[in-house]
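Chains as they are written, first to last, in the numbering used here: chain A, 39 to 379; chain B, 39 to 379; chain C, 39 to 379.
These aren't lab readings, by the way, just hints derived from the structure by calculation.
Be aware that a few hints might be false.
Identical chains blur together in the list; that is why a pair holds if it fits in one copy or across any two.
[As the list claims (entries may be wrong)] Once the Cα atoms are required to be at most 27 Å apart in a straight line, the calculated BS3-like pairs of lysine-lysine come out as:
1. Lys376 x Lys366
2. Lys379 x Lys106
3. Lys74 x Lys366
4. Lys168 x Lys137
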Amino acid sequence: MEFSAQQIAELLGGTLEGNADEKVNNVSKIEEGKPKTLSFLANPKYNHFLYETEASIVIINNDFNLEKKVKPTLIRVNNAYEAFAKLLQLYAEIKGTKKGIEQPSHISQSSTIGNDCYVGAFAYIGENVKIGNNVKIYPHVYIGDNCAISDNTTLFSGVKIYHDCVIGKDCTIHANTVIGSDGFGFAPNTSGETFAKVPQIGNVVIEDNVEIGSNASIDRATMGSTILRKGVKLDNLVQIAHNAEIGENTVIAGLSGVAGSTKVGKNCMIAAQVGVAGHLKIADGVKIAGQSGIGANIDKEGEIVQGSPAFNVGEYRRSYVLFRSLPKLNDRINELSKKLK
Amino acid sequence: MEFSAQQIAELLGGTLEGNADEKVNNVSKIEEGKPKTLSFLANPKYNHFLYETEASIVIINNDFNLEKKVKPTLIRVNNAYEAFAKLLQLYAEIKGTKKGIEQPSHISQSSTIGNDCYVGAFAYIGENVKIGNNVKIYPHVYIGDNCAISDNTTLFSGVKIYHDCVIGKDCTIHANTVIGSDGFGFAPNTSGETFAKVPQIGNVVIEDNVEIGSNASIDRATMGSTILRKGVKLDNLVQIAHNAEIGENTVIAGLSGVAGSTKVGKNCMIAAQVGVAGHLKIADGVKIAGQSGIGANIDKEGEIVQGSPAFNVGEYRRSYVLFRSLPKLNDRINELSKKLK
Amino acid sequence: MEFSAQQIAELLGGTLEGNADEKVNNVSKIEEGKPKTLSFLANPKYNHFLYETEASIVIINNDFNLEKKVKPTLIRVNNAYEAFAKLLQLYAEIKGTKKGIEQPSHISQSSTIGNDCYVGAFAYIGENVKIGNNVKIYPHVYIGDNCAISDNTTLFSGVKIYHDCVIGKDCTIHANTVIGSDGFGFAPNTSGETFAKVPQIGNVVIEDNVEIGSNASIDRATMGSTILRKGVKLDNLVQIAHNAEIGENTVIAGLSGVAGSTKVGKNCMIAAQVGVAGHLKIADGVKIAGQSGIGANIDKEGEIVQGSPAFNVGEYRRSYVLFRSLPKLNDRINELSKKLK
Numbered sequence: 039m040e041f042s043a044q045q046i047a048e049l050l051g052g053t054l055e056g057n058a059d060e061k062v063n064n065v066s067k068i069e070e071g072k073p074k075t076l077s078f079l080a081n082p083k084y085n086h087f088l089y090e091t092e093a094s095i096v097i098i099n100n101d102f103n104l105e106k107k108v109k110p111t112l113i114r115v116n117n118a119y120e121a122f123a124k125l126l127q128l129y130a131e132i133k134g135t136k137k138g139i140e141q142p143s144h145i146s147q148s149s150t151i152g153n154d155c156y157v158g159a160f161a162y163i164g165e166n167v168k169i170g171n172n173v174k175i176y177p178h179v180y181i182g183d184n185c186a187i188s189d190n191t192t193l194f195s196g197v198k199i200y201h202d203c204v205i206g207k208d209c210t211i212h213a214n215t216v217i218g219s220d221g222f223g224f225a226p227n228t229s230g231e232t233f234a235k236v237p238q239i240g241n242v243v244i245e246d247n248v249e250i251g252s253n254a255s256i257d258r259a260t261m262g263s264t265i266l267r268k269g270v271k272l273d274n275l276v277q278i279a280h281n282a283e284i285g286e287n288t289v290i291a292g293l294s295g296v297a298g299s300t301k302v303g304k305n306c307m308i309a310a311q312v313g314v315a316g317h318l319k320i321a322d323g324v325k326i327a328g329q330s331g332i333g334a335n336i337d338k339e340g341e342i343v344q345g346s347p348a349f350n351v352g353e354y355r356r357s358y359v360l361f362r363s364l365p366k367l368n369d370r371i372n373e374l375s376k377k378l379k
Numbered sequence: 039m040e041f042s043a044q045q046i047a048e049l050l051g052g053t054l055e056g057n058a059d060e061k062v063n064n065v066s067k068i069e070e071g072k073p074k075t076l077s078f079l080a081n082p083k084y085n086h087f088l089y090e091t092e093a094s095i096v097i098i099n100n101d102f103n104l105e106k107k108v109k110p111t112l113i114r115v116n117n118a119y120e121a122f123a124k125l126l127q128l129y130a131e132i133k134g135t136k137k138g139i140e141q142p143s144h145i146s147q148s149s150t151i152g153n154d155c156y157v158g159a160f161a162y163i164g165e166n167v168k169i170g171n172n173v174k175i176y177p178h179v180y181i182g183d184n185c186a187i188s189d190n191t192t193l194f195s196g197v198k199i200y201h202d203c204v205i206g207k208d209c210t211i212h213a214n215t216v217i218g219s220d221g222f223g224f225a226p227n228t229s230g231e232t233f234a235k236v237p238q239i240g241n242v243v244i245e246d247n248v249e250i251g252s253n254a255s256i257d258r259a260t261m262g263s264t265i266l267r268k269g270v271k272l273d274n275l276v277q278i279a280h281n282a283e284i285g286e287n288t289v290i291a292g293l294s295g296v297a298g299s300t301k302v303g304k305n306c307m308i309a310a311q312v313g314v315a316g317h318l319k320i321a322d323g324v325k326i327a328g329q330s331g332i333g334a335n336i337d338k339e340g341e342i343v344q345g346s347p348a349f350n351v352g353e354y355r356r357s358y359v360l361f362r363s364l365p366k367l368n369d370r371i372n373e374l375s376k377k378l379k
Numbered sequence: 039m040e041f042s043a044q045q046i047a048e049l050l051g052g053t054l055e056g057n058a059d060e061k062v063n064n065v066s067k068i069e070e071g072k073p074k075t076l077s078f079l080a081n082p083k084y085n086h087f088l089y090e091t092e093a094s095i096v097i098i099n100n101d102f103n104l105e106k107k108v109k110p111t112l113i114r115v116n117n118a119y120e121a122f123a124k125l126l127q128l129y130a131e132i133k134g135t136k137k138g139i140e141q142p143s144h145i146s147q148s149s150t151i152g153n154d155c156y157v158g159a160f161a162y163i164g165e166n167v168k169i170g171n172n173v174k175i176y177p178h179v180y181i182g183d184n185c186a187i188s189d190n191t192t193l194f195s196g197v198k199i200y201h202d203c204v205i206g207k208d209c210t211i212h213a214n215t216v217i218g219s220d221g222f223g224f225a226p227n228t229s230g231e232t233f234a235k236v237p238q239i240g241n242v243v244i245e246d247n248v249e250i251g252s253n254a255s256i257d258r259a260t261m262g263s264t265i266l267r268k269g270v271k272l273d274n275l276v277q278i279a280h281n282a283e284i285g286e287n288t289v290i291a292g293l294s295g296v297a298g299s300t301k302v303g304k305n306c307m308i309a310a311q312v313g314v315a316g317h318l319k320i321a322d323g324v325k326i327a328g329q330s331g332i333g334a335n336i337d338k339e340g341e342i343v344q345g346s347p348a349f350n351v352g353e354y355r356r357s358y359v360l361f362r363s364l365p366k367l368n369d370r371i372n373e374l375s376k377k378l379k
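Please take these sequences and the hints and turn them into a complete structure.
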């Protein structure tokens, strides 16, 4: 597919500078720009690339001041980054429109499927499942009995959803992620040496507009629900344990885990490889640095923490600088001792 | 399904206080108790909820002293938690009784399948596989050649078991977990810059009553076996490397890894995101705090450790408190220096 | 299959000492040697086992000096370890030669498949896919539209490869690993409280001779490619984020993650549970200790680092020894204060 600068400018409501007939058939980063590609400039650090790039069309901000003449055709908009993302979205939508039911697939007669859905070959849909409109179910997806999946949600290949779980609208779940596996609940027997399984009879509830990466594990609740509130974004290989609740628009990066019954607030940002212990409350807007371990409640909204166990990030960094210079501190104590003698 | 207080009391051998005809059709936590649900009270911290809960029936301990009148019907037993867990188990057993062989599935003619098994659609069973009685094999499970799976074991959707592995009785393996993938064994070539694969021709042996969470990886041995002893419980996203051995009833939480040839003792508790290096021995009953790194043998039974690298947990905590106050320590050294001058 | 000492010596070009007719049908470790098995001795620590082992044949180094008579037949070679690995490789090749196309499988008419391939039942191959010769595609593998997989590559059961990705020759990807899932890219909306997805329209390029463990996640690039250079070895449960590049022959152990746009050099060794932040450069030959966190560029070739955040490994260890003795340091400061008073 080929688009002209004129078409793109109209689509974005932007202002054209240069050749309106310039054509592109792909996109590129400005620092790697190639002829016949569309690029954008949003980060001031990359400004100098605008004067060197081979990209044919570049989207820039309205308030950008050109220092000299440039080769590409420019399209000016309020927010170059957002405009570019919107174009990519349109492009992705044009590409990702699988439809229809491939064979062999397994769809129980007691289940219902909405309009414009895709069900790939070898997908398995159990009893009493309700699938909304425009849902994309890729090959090798498993949906257990009594689940409900709402409109416009995409489940990529190999996603496994255990029985009784509920997934909202406009969600995306990436390949091989598991929703609703049993929580890790075992009660020590009287002897204290062996364990009896605590049955996990709750479910997982995922609200609208949630995205989950690949190979993540969201466990079902012992009783009640493990909940991902609307707008939550989870990266690959994240674990959310039984009865945990993740607040609206909270973002959790790869290889992090939230233990059982913990309630994370809204708009939090949890970096990669973080561990949050069980039965805690994390306030809204909290930020947690990578590899931190959270062993106690965080009550203060917007707090930023680091360390294992974690505390205030500024204090952590001051302590860590001194940790690095412990050999010097030790030498100074030795000197002081000598002098005192 | 609906049950009366009378029925439940008889099932548990408990003592009834209140309306024997009270009926329930679901369960709830005591702090979230709703009418027509069954709940329990075991943790003294939650005692006050007993006087507020809307649950229709509550199981309590024989020795619990009522401070005032309560609304729900009570059932007294020796151990309220265990009694409740037993009920849940019965309930789960009533629900989870899939049987029969769905089509299309792939079962090699050289394989044998016991009685009362479930083989879901799109499951794949290779050559010379032996499946016991009452084994549940969900859709998209792969079982390689020459494997043996014993009675009452459940393999949830997407579990992959490579050739030659052995799984005991009463095991549960959750969705998308991989058993028997190659150990991470590469020998540097003479130049030291490229690697030759060391073939991994051993297997994985999982003994009875083992439960493994979702998306876990248990590698096969280079030679011999990677072994999970009976009663082992592994959480989601855990890695057990080639030739490792995990002792009886040891519990390992999410996102932890045990490296090659390490032998972990019996009744150990390893918290989340712990790493244990290769070729080590961990004594029986050892407890390891979350995010710890184990780089040396732990010889003392029942030792509790923390840190990366880990040492005694009490000592770790004392050191960590001082790590947090390093800026103050530094100030004091500065003052001492000044005074000495 | 049974082999004689004579046959093995000829295969390896080695020198026989003992009974040339001695026969073996399996392999064992020298410390666990059993009759009718082949073993090897390469590590001097294990020398004493040579005089006790029950193995029937042992491969040893040419320069090994016998201290007393031994029971097994010996085969002397230049490098006992390499010779043994070569034998295992041959053995594995004899065992792992699945061929043919099992039914039901889904192969789009627009896709092409080379000679001597294996396509297992329930495998799914999308539109315009190009599969080379001798490629092994196990059951439940998903290959999206427009992918290319080169000669001699093996994809184990449950591997998911999203559209447009490219896999080189002689690669091995273990079960349930995901290639090409969307990068974790979200742009905060103007309010800063919700996130818009940044479409991920790049791909993943995996060069020749790469091995990836099970349950790993390699995300596609936002634009351009996420790249694994030739000879890269990734362990289980590793995450490589969008637009990252891993240099030739670099090895990354289990549960580690490399964040977006980071470029790791050649011949690096990254231990388990390491996190490397985004937009960094790691020089060639760098070694990173387990559980380290990398938050800044590493410019020095061959540098060895530890810690979170990481710095030079020798310095880290000196600091950590003093961290462990912080209570003593604190006592000494208290004493000095007292004396000064």
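What label fits lysine 376 with lysine 366 when the C-alpha limit is 27 Å: within, between, both, or neither?
both (15 Å within a copy, 17 Å between copies)
Indicate which option fits the pair lysine 379, lysine 106 if close means a Cα-Cα distance not exceeding 27 Å: within, between, both or neither.
neither (71 Å within a copy, 62 Å between copies)
If the cut is 27 Å between Cα atoms, do lysine 74 and lysine 366 qualify within a copy, between copies, both or neither?
Classified as neither; 58 Å inside a copy, 61 Å across copies.
Between the shortest in-copy and the shortest cross-copy C-alpha distance, which are at most 27 Å for lysine 168 and lysine 137: within, between, both, or neither?
Classified as both; 18 Å inside a copy, 23 Å across copies.
The structure shown violates the earlier hints numbered 2, 3.
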